[in-house]
Structure formats: C-alpha cells, structure tokens
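Q: These are the residues of each chain, in order.
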Amino acid sequence: MGLDAIVLILVATVAASVPLILAALGELVVEKSGVLNLGVEGMMAVGAIVAFAVAVETQQLSLAALAGALAGALMSLIFAFITLTLMANQVATGLALTLFGTGLSAFLGLKYTSVALDGAKAMTIPILSDIPVLGKLLFSYNGFVYFAVLVFLAISWFLYRSRAGLVLRAIGESPSSAHALGASVIKVRYLAVLFGGAMAGLAGAYLSTAYTPLWAEGMIAGRGWIALALVVFATWRPARVLIGALLFGGVTIAQFHVQGIGIEIPAQFLSMLPYLATILVLVVISRDAGLIRLNAPASLGQPFHKQGH
Amino acid sequence: MKQNKLIAAIKGLLGAALLVGMASTAQAADPVKVGFVYVSPVGDAGWTYQHDLGRKALEEKFGDKIKVKFVDGVPEGAEAERVIRELAADGSKMVFATSFGFMNPTLKVAKAFPDVAFNHATGYKTADNVGIYNARFYEGRYLAGMIAGGMTKTNILGDVAAFPIPEVIQGINAYTRGALAVNPNIKMKVVWVNSWFDPGREREAAVALMDQGADVITHHTDSTAVVAAAEEKGKYAVAYNSDMSKYGAKAQLTAVTHHWEKFYTDEVQKVLDGNWKPGNVWGGIKEGMVSLAKISDDVPADLKAKVEQATKDIAEGKLHPFAGPVLDQDGAEKVPAGKNMDDEALAKMDFYVKGVEGKLPK
Numbered sequence: 001m002g003l004d005a006i007v008l009i010l011v012a013t014v015a016a017s018v019p020l021i022l023a024a025l026g027e028l029v030v031e032k033s034g035v036l037n038l039g040v041e042g043m044m045a046v047g048a049i050v051a052f053a054v055a056v057e058t059q060q061l062s063l064a065a066l067a068g069a070l071a072g073a074l075m076s077l078i079f080a081f082i083t084l085t086l087m088a089n090q091v092a093t094g095l096a097l098t099l100f101g102t103g104l105s106a107f108l109g110l111k112y113t114s115v116a117l118d119g120a121k122a123m124t125i126p127i128l129s130d131i132p133v134l135g136k137l138l139f140s141y142n143g144f145v146y147f148a149v150l151v152f153l154a155i156s157w158f159l160y161r162s163r164a165g166l167v168l169r170a171i172g173e174s175p176s177s178a179h180a181l182g183a184s185v186i187k188v189r190y191l192a193v194l195f196g197g198a199m200a201g202l203a204g205a206y207l208s209t210a211y212t213p214l215w216a217e218g219m220i221a222g223r224g225w226i227a228l229a230l231v232v233f234a235t236w237r238p239a240r241v242l243i244g245a246l247l248f249g250g251v252t253i254a255q256f257h258v259q260g261i262g263i264e265i266p267a268q269f270l271s272m273l274p275y276l277a278t279i280l281v282l283v284v285i286s287r288d289a290g291l292i293r294l295n296a297p298a299s300l301g302q303p304f305h306k307q308g309h
Numbered sequence: 001m002k003q004n005k006l007i008a009a010i011k012g013l014l015g016a017a018l019l020v021g022m023a024s025t026a027q028a029a030d031p032v033k034v035g036f037v038y039v040s041p042v043g044d045a046g047w048t049y050q051h052d053l054g055r056k057a058l059e060e061k062f063g064d065k066i067k068v069k070f071v072d073g074v075p076e077g078a079e080a081e082r083v084i085r086e087l088a089a090d091g092s093k094m095v096f097a098t099s100f101g102f103m104n105p106t107l108k109v110a111k112a113f114p115d116v117a118f119n120h121a122t123g124y125k126t127a128d129n130v131g132i133y134n135a136r137f138y139e140g141r142y143l144a145g146m147i148a149g150g151m152t153k154t155n156i157l158g159d160v161a162a163f164p165i166p167e168v169i170q171g172i173n174a175y176t177r178g179a180l181a182v183n184p185n186i187k188m189k190v191v192w193v194n195s196w197f198d199p200g201r202e203r204e205a206a207v208a209l210m211d212q213g214a215d216v217i218t219h220h221t222d223s224t225a226v227v228a229a230a231e232e233k234g235k236y237a238v239a240y241n242s243d244m245s246k247y248g249a250k251a252q253l254t255a256v257t258h259h260w261e262k263f264y265t266d267e268v269q270k271v272l273d274g275n276w277k278p279g280n281v282w283g284g285i286k287e288g289m290v291s292l293a294k295i296s297d298d299v300p301a302d303l304k305a306k307v308e309q310a311t312k313d314i315a316e317g318k319l320h321p322f323a324g325p326v327l328d329q330d331g332a333e334k335v336p337a338g339k340n341m342d343d344e345a346l347a348k349m350d351f352y353v354k355g356v357e358g359k360l361p362k
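Sequence lines, in order, name chains A and B.
Counting along the first sequence from 1, when you hit position 79 you're at 79 in the working numbering, and nothing is skipped either side.
Counting along the second sequence from 1, when you hit position 254 you're at 254 in the working numbering, and nothing is skipped either side.
Among the hints, a few may not be true.
Stated by the list, open to error - One side of the interface only, derived from the structure: several residues of chain A facing chain B at Cβ under 10 Å:
| no. | residue |
| --- | --- |
| 1 | ILE9 |
| 2 | VAL115 |
| 3 | VAL167 |
| 4 | ALA170 |
| 5 | ALA216 |
| 6 | ILE220 |
| 7 | THR252 |
| 8 | ILE261 |
| 9 | ILE263 |
| 10 | SER299 |
| 11 | PRO303 |
Claimed, not checked - Under the rule of at most 27 Å between Cα atoms (straight-line distance), these lysine-lysine pairs were calculated in the DSSO-like manner:
| no. | chain 1 | residue 1 | chain 2 | residue 2 |
| --- | --- | --- | --- | --- |
| 12 | A | LYS111 | B | LYS56 |
| 13 | B | LYS250 | A | LYS111 |
| 14 | A | LYS136 | B | LYS56 |
| 15 | B | LYS153 | A | LYS111 |
| 16 | B | LYS246 | A | LYS111 |
| 17 | B | LYS153 | B | LYS306 |
| 18 | A | LYS121 | B | LYS306 |
| 19 | B | LYS56 | A | LYS121 |
| 20 | A | LYS136 | B | LYS306 |
No wet-lab data here; the hints were simulated from the structure.
Each residue gets a CB set at the ideal place from its N, CA and C atoms; glycine is no exception.
Modelling step: build the complete structure from the supplied sequences, incorporating the hints.
A: Structure (structure tokens):
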C-alpha cells in the first residue's frame, strides 16, 4: 500500500469521525454537568432532516447547519424541561427522546425522501491545499470538519481553563455543594443540555448535507449510540473523545478497505469493535476507582432537588 | 425543483376535481379495490419507487374501474401482517406485497382471505391464492457490466453490495461476465455493507473502492449514496433500481431499472375478467421487466452498438448471461460449454465467477 492510499484512508477516516466528534463532545459537556441524555440519536435525526429541508429550500448550507443545530437544541429543551424542571428519570426520558426524534424526523422528512442536493464542498485554501500529502491530509475538507476542530479547542479550554467550566464541573461532581456556593445548578444544566442538543443537531446536519447529501429515514444508523459510547470510552476527556472518534471512524473505513483488498476478516467483526472497545474501557476503569473518580462526573444521572423548599 | 412541485400540486388539484366529478356521474359499478404494501417510503428513486410507478400505471389504465390504496414504509415482520390483513379486510380483491420479507405474513393472511388474490414479489412460496413474481435483474446487470468493462481505464470495477443472497450474487457475477465479454483484463472488487439501506456506509464503501483504484462503481443497495459519491469524486457509476442521473449527472453511465407496470396491469386485468390464477412470473429483458436507462453520452458509439446487440440477443434468447462454460473463481466448471445455467441453479447461486476478487462471505 502506497503513501497515497494511506492518505486517502486517513482523509476518509476524518470525514467519518466528524459526526462522532461533534455529537460526543456535546454529550461530554452535558454529562460533565451531571446529566445523562441518551437522546443523542433522536436529536441527530431531527437535526439532519431540518438541516436538509432548509438546505433544499434555501440552498444556503451555513443556514442549514444553523437550523440543524437549533432543531437539536429544541429537542434537548424538551428533555431538559422533563428531567430538570419536572425531575423525571433521565435514562427513561433520554430513551423516549431517541424514539420520538426518530419518528418525528421520519414524519418531517416525508416530502424530502430522495430529493437531490448539492452537498457541502471541500474548502480549498490557496497554497496550503496544494502542499503534497499534507495539503490533502489537512486542508481538503468541508467547513464542518474545521468547525469540529474549533469546537474541540473551545471545549477543552472552557472545561479546564475557564471559571464557568469549573462551575459546570463542580455541579457535575456535587450539585448540592455547588448550590451552597451560589451556583445556579438548574440553569447551568439547562445550558449544558441545550449545547449538547445543538451539537447533536449539527452532527445530524453534517450527515444529511455534507457527508451523504440526502435525507433518508434511519440515516443516522446508530451513530448517536456510538457517540454515547465514545464519551465513556474517552473517560470524559475531550482529547480522548477526539482520538476515540478517529479510532471508531477508522475502524468503519478500514472494514471496507480490508474487504476491497481481499483480506478475510468478517465485516461484522469489525463493526463490533467500537462497542467491544467501550466495554473493555468500562471494565478497565471500573477496576481502578481512582480513574473514575478523576474524570467521571459523580452526580451523573441523578436529579437535583434544591434544599429548603 | 420548486416549479416541479407547483406542477405536481396543480396536477393533484386537477386530479381531485376530476375525481369529484367522476364520483357524481359514475356510480354504476363499485370500483374493484387493489392494495399495495411497500417496504420503504416511495421517494424519488429506488426499489419502492419503481413499484409505485406500476401502481400509477394501474390507475391510469383502469381509471374509475379500480380503487388503489398503498401503504408505504411497512417494516418486514409482524407489522406487515397487520397492514396486509387490513387491506384484505378492507375489501381489496388483489394485494401486492412488494418485498421479500413480506412472504410469510402474506401467506398467513391469504389463508384467512381465500377470495382475495395475493401477489408476492421476489419470494418462493405460493398458495392457492398467492402468486409470486420477480425479475431477471441479472440480465440488465450483464448489459451494464459490458458498459462498465468498456469504460474503465484502471480495469478495476467496484460493487457495493448489501447481503450475500442469490439475487445479489447473480448480479455481481452477471456484471463481471458482461464486463469480461468486452474487456478480458478487468477485475471486480466487492464490498459488503450488510444493510439494504444505510447511506453513510454505502458512501464509505464506495469511497473505499474508488480509493483502491475502481473507476466504475455500481451498487446493489437501495439509496442514491453510491452514485452521488462517484459524482463527487469524478468517477463513473452504474445505478440500480431507478435512473439516478439526478444524483450523478456526469457519473451515471446507465442504470439497471425495474419495471412492474405491465405485470401489474395484466394481473389486475385478470382479476377484472374473473380469471386470475396464482402464477410464478420471472421476467427479464424480453418481458420488459428489466431494462437499461439512457446510456451516457460518454459511452462511445461502438460500445453502445455492442450493448444494443446484446440486449436484442438476450430478448431473443440467443444470449444467456450464464452461458457455459461458467467457471468459478478457482476455475472449477459450474456449467459446461454449450449449456445455459438453469433457473434452479440460478436461484441458488452461491459462488463468485472468475474475475471477481475476494472471498464470498458464507
């Protein structure tokens, strides 16, 4: 296999991992605030159809991406209201959100099934894109890819270098202590959930307007669940989310290349690998309590009741 | 696009007005009810879209003599049984179940409704009131393979395939044999995505094939993602099910398309005449159930002429895509020279012919 072939595989890997990066980074922030939203798949589906519809009607891809993010945020607002204000069970509500989003997207998408759309084009940057190998490897993507990198940098800075990020993490660790110190637990959690929803919606928008520019029912095809697994796989660290997403994306791409070359590994085995890796990570970190305490939000999934009502 | 929608809306309005008009004048005979069950949404292209064209042809031909109802996006399984039962209970005289997975639900409902005529697509089980129908897609595949073989510069062809079942394997093998007939140097690479419909995976597989040197790719999956990926990368594609030139104006060399119009109108005619019997139809190029969409202008005239001749020969029975000698990958003879593969062997095909790379998943 030549250098060119490897570069092509890497480029395809990056493209495949972008929706995972976006959705998983969003979910990471949500979980860091102590909320577990299992509705990622459903929010991605709604983001995908709304973005696609806006792209078809307006031909404005940036507007479409924005609409997708807004749609995801709206979906997550439902979740936030039910779990944070009404204090319902987060796991059940998240699952319901996925079912609802999948159905809603199919309904909204009725008239858009198989409509043709010119997808997002790769942005070519003068000079940089023409560098051999590196130009192709680093500067041959569409806007979503660069945006995902920016989001990664922003979230890494926000969580570990900013005061607001510290408050968010404190709420995720111990909401009652944070509350006692004057932090507005419910407000911060609302914002975190909305951000997670917007990122999931954006990931859906990438799938329907850039990666495979079409709308089809069920096109998210489990990527929301992979994103959820990825957050655990990364033990709640943004940099590991990035690496994990590239690994998971790489596995998907590799299974097709392996088949094309004619190496005999069952494709099903390779599709199973990301989940297997996640289970392995869970086993490993559960054996080392220190590791979990270091990064996993202690209050994950637990509703917060204000004292003194 | 917008204009099309406007026209469609106007057409719909006119149609509705027409129906209202008819309802008041023609009430002599009750229309015969016909039902369709689709596995996916109709959309603008694909397996179900082609069946829906057949439904429209029915409405056009029989007008107010029949009343057609369809239910789309029906999952294969228990839900299908409910839908089929509802259509039968609603008084349908004929029900078309248009996906392989509707086989057992159809048979089950058919038992309870002995007076309703059922037709099941691509299955293999019949009953006193259940007929089956299918098309020889592989004949179209052979012709498309000739075009692919003639157009490739790298001599590498690629196929994004769903599941290793006989129908799909027939397609891969026929396409490869068609390509070899015009270009003995080609190699066929197959990538399995283990899904009928997952645009993301279909695209990834298509890109992987093109990255490995394939410059003409085809697919046996239901979305338009493969054709769109070829368009994006400036490579050629052979579409399947429907004409997908809308998604790949430059990429699409041709498409292997399905046509159920004639079959549907014939069957409904028989019901109207009161002489329907369950059949076992397996039609191909000759019956018009499979054909090629418009061949791209990029294809040189002499290659086009060859394909047209082969089309004629297949229709007249002079050319069989699996005419002996048929050799498998390892060179073992499956059909001796001078013989054609029979339908029974075709329906059970479980090997790659010579020219296909890789191992067939078992």
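Q: Would you mind marking each hint as holding or not holding in the structure?
A: Going down the list of hints, with the structure as the test:
Because the closest C-beta pair between ILE9/A and chain B is about 7 Å apart, less than 10 Å, the hint holds. Hint on VAL115/A holds. Least Cβ distance to chain B is approximately 6 Å, under the 10 Å limit. Because the closest C-beta pair between VAL167/A and chain B is about 37 Å apart, greater than 10 Å, the hint is violated. Evaluation of the ALA170/A hint against chain B yields a violated restraint, the C-beta minimum of about 38 Å exceeding 10 Å.
Here the hint on ALA216/A is kept, as its CB sits about 6 Å from the closest CB of chain B, short of 10 Å. Because the smallest distance between the Cβ of ILE220/A and any Cβ of chain B comes to about 8 Å, under 10 Å, the interface hint for this residue holds. Annotation: interface hint on THR252/A holds; nearest CB of chain B at approximately 6 Å, less than 10 Å. Against a cut-off of 10 Å between C-beta atoms, the interface hint on ILE261/A holds, since the closest Cβ of chain B lies about 7 Å away.
Among the interface hints, the one on ILE263/A holds; its C-beta lies about 9 Å from the nearest C-beta in chain B, closer than the 10 Å criterion. Annotation: SER299/A was flagged as interfacial toward chain B, and the flag is violated, the nearest CB pair being 35 Å apart, outside 10 Å. Checking PRO303/A against chain B by beta carbon gives a least distance of about 35 Å; that is not within 10 Å, so the hint is violated. For the hint linking LYS111/A to LYS56/B, the alpha-carbon distance of about 18 Å falls within 27 Å, and the restraint holds.
Between LYS250/B and LYS111/A the alpha-carbon distance is near 26 Å, which keeps this suggested pair within the 27 Å criterion. For the hint pairing LYS136/A with LYS56/B, the CA-to-CA distance comes to about 48 Å; that exceeds 27 Å, so the pair is violated. The hinted pair formed by LYS153/B and LYS111/A fails the criterion: a straight-line CA distance of about 39 Å is larger than 27 Å. Restraint check: the Cα-Cα separation between LYS246/B and LYS111/A comes to about 17 Å, which is no more than 27 Å; the hinted pair holds.
For the suggested pair LYS153/B and LYS306/B, the alpha carbons sit about 19 Å apart, so the restraint of at most 27 Å is met. Annotation: proposed proximity of LYS121/A to LYS306/B is violated, straight-line Cα distance about 38 Å (limit 27 Å). Only pairs whose Cα atoms come within 27 Å are accepted, and LYS56/B paired with LYS121/A is rejected, the gap being roughly 37 Å. As the CA atoms of LYS136/A and LYS306/B are separated by approximately 40 Å, the hinted pair breaks the 27 Å bound.
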